[in-house]
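So the chains spell out like this:
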Amino acid sequence: MSKLLSFFSLCKKDNPQFFSDFQLDKEGKILSIFWSHASQQAEYIDFGDAVTFDTTHKTNMYDKPLGMFVGSNHHLQCTIFGFALLGDETVDTFEWVFNTFKTCMGCDGPRVMLTGML
Amino acid sequence: MPIALGRVFPNTIHRLCLWHVQNRYMPHLNELYARFEDMDFKTRFQSIIHHPLNEMEFEAAWQMMLDDFQLHENNTLARLYEIRKDWVPAFFKGDYCGLMVSTQRSESMNKLVKSAHVDANTPLHQFAKQMMKLLHSRKMKEAKEALGCMVSEKN
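Note that the protein sequences, when read in sequence, are chains G and Z.
No gaps in the numbering here: position 91 of the first sequence is 91 in the numbering used here, and each next residue is one more.
Each number in the numbering used here comes from the position in the second sequence (counting from 1) with 1000 added on.
I should point out that these hints are in silico values taken from the structure, not numbers from a laboratory.
Only a predicted model underlies this, so the values are computations on that prediction, with no experimental measurement involved.
Careful, some of the hints might be misleading.
The calculated lysine to aspartate or glutamate pairs, modelled on EDC-like cross-linking and capped at a C-alpha distance of 20 Å, are [to be verified]: (1) K26/G <-> D92/G; (2) K1093/Z <-> D49/G; (3) K1133/Z <-> D14/G; (4) K1129/Z <-> D14/G; (5) K58/G <-> D88/G; (6) K1111/Z <-> D63/G; (7) K1129/Z <-> D63/G; (8) K3/G <-> D21/G; (9) K26/G <-> D88/G; (10) K1042/Z <-> E1031/Z; (11) K1042/Z <-> E1073/Z; (12) K1129/Z <-> D21/G; (13) K3/G <-> D1119/Z; (14) K1114/Z <-> D63/G; (15) K1144/Z <-> D46/G; (16) K1141/Z <-> D46/G; (17) K1042/Z <-> E1057/Z; (18) K1139/Z <-> D46/G; (19) K29/G <-> E95/G; (20) K1139/Z <-> D14/G.
Only chain G is shown next, with the shape it has when bound in the complex:
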């Protein structure tokens, strides 16, 4: 974890726009992590009208599902606005990640959000 933090502070030093935040549980242990590079936030300003959000598993040794905010750019290529490693998939955690996304991007939210959850 300390290695991750030092990587994040390196990113922050490189560009102060770099954003990261952590969701802690009651004992102060890290539950979820969200981060977004400066370039990603810039792309959100340009292409953030429509966003898809979906989680995928088995990308790291901590068994945290990865959630990505994905959109499409002017070449119709996929672009990623932010990464989130989630402690679980409860309403609370999703609420945390969406709120954090909102804070990071400084906006009300996208116009359209596409998800796979019925």
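Knowing the structure of chain G, use the given hints to seat chain Z on it.
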């Protein structure tokens, strides 16, 4: 997730993935596809989902389908119809979705992530670094497209 979405993004239109919706009812849909195979129900159903350009067109086509196949009592179709405003493309013609109808873009990014040298044994800091590399490679791809556009404009 839908609950959290509604709370945090009250002004955002929440659209359901075309593929996920159908997949949820796949066993039932498959049964219908098989039952009406000679009448080509599948083609008809798929075309009604994808092609109508506005809500009225969709509603009319859907009713006609129920009439033609005598499926007014079918629960699966009733349920799909009930949530039509959340997933049928005809209802989103006025909303910019970046040509997306499903979470396919998320899925393809998921695949890219997993091919970007991360797996179930990757430590976190390594993971974050690999993600940044992935972003760089995406940027390079975009630059290539942009260059292609500039060159073809000149010619």
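For each hint, the structure was consulted:
Between the alpha carbons of K26/G and D92/G the distance comes to roughly 13 Å, so the proposed pair stays at or under 20 Å and holds. The suggested pairing of K1093/Z with D49/G holds, with an alpha-carbon distance near 14 Å, which does not exceed 20 Å. With a CA separation close to 15 Å, the supplied pair K1133/Z and D14/G stays within the 20 Å bound. A threshold of 20 Å between alpha carbons decides the hint, and for K1129/Z with D14/G the separation of about 14 Å falls inside it, so the pair holds.
Between the alpha carbons of K58/G and D88/G the distance comes to roughly 13 Å, so the proposed pair stays at or under 20 Å and holds. Annotation: proposed proximity of K1111/Z to D63/G holds, straight-line Cα distance about 17 Å (limit 20 Å). For a cut-off of 20 Å, the pair hint linking K1129/Z to D63/G stands: about 18 Å separates their Cα positions. About 15 Å separates the Cα atoms of K3/G and D21/G, which keeps this hinted pair within 20 Å; it holds.
For the given pair, K26/G sits about 15 Å from D88/G by alpha-carbon distance, which is consistent with the 20 Å threshold. Annotation: proposed proximity of K1042/Z to E1031/Z holds, straight-line Cα distance about 10 Å (limit 20 Å). A hinted pair counts as satisfied when its Cα atoms are at most 20 Å apart, and K1042/Z with E1073/Z qualifies at roughly 18 Å. Straight-line distance between C-alpha atoms of K1129/Z and D21/G comes to about 17 Å, which keeps the hinted pair within the 20 Å bound.
With a C-alpha separation of about 18 Å, the suggested pairing of K3/G with D1119/Z holds against the 20 Å cut-off. Simply put, K1114/Z and D63/G have alpha-carbon atoms about 14 Å apart, close enough for the 20 Å limit, and the pair holds. For a cut-off of 20 Å, the pair hint linking K1144/Z to D46/G stands: about 19 Å separates their Cα positions. Between the alpha carbons of K1141/Z and D46/G the distance comes to roughly 17 Å, so the proposed pair stays at or under 20 Å and holds.
Pair hint K1042/Z plus E1057/Z holds up; C-alpha atoms about 19 Å apart against a cutoff of 20 Å. Between K1139/Z and D46/G, the direct Cα distance comes to roughly 14 Å. Compliance with the 20 Å bound is thereby established for this hinted pair. About 18 Å separates the Cα atoms of K29/G and E95/G, which keeps this hinted pair within 20 Å; it holds. A hinted pair counts as satisfied when its Cα atoms are at most 20 Å apart, and K1139/Z with D14/G qualifies at roughly 18 Å.
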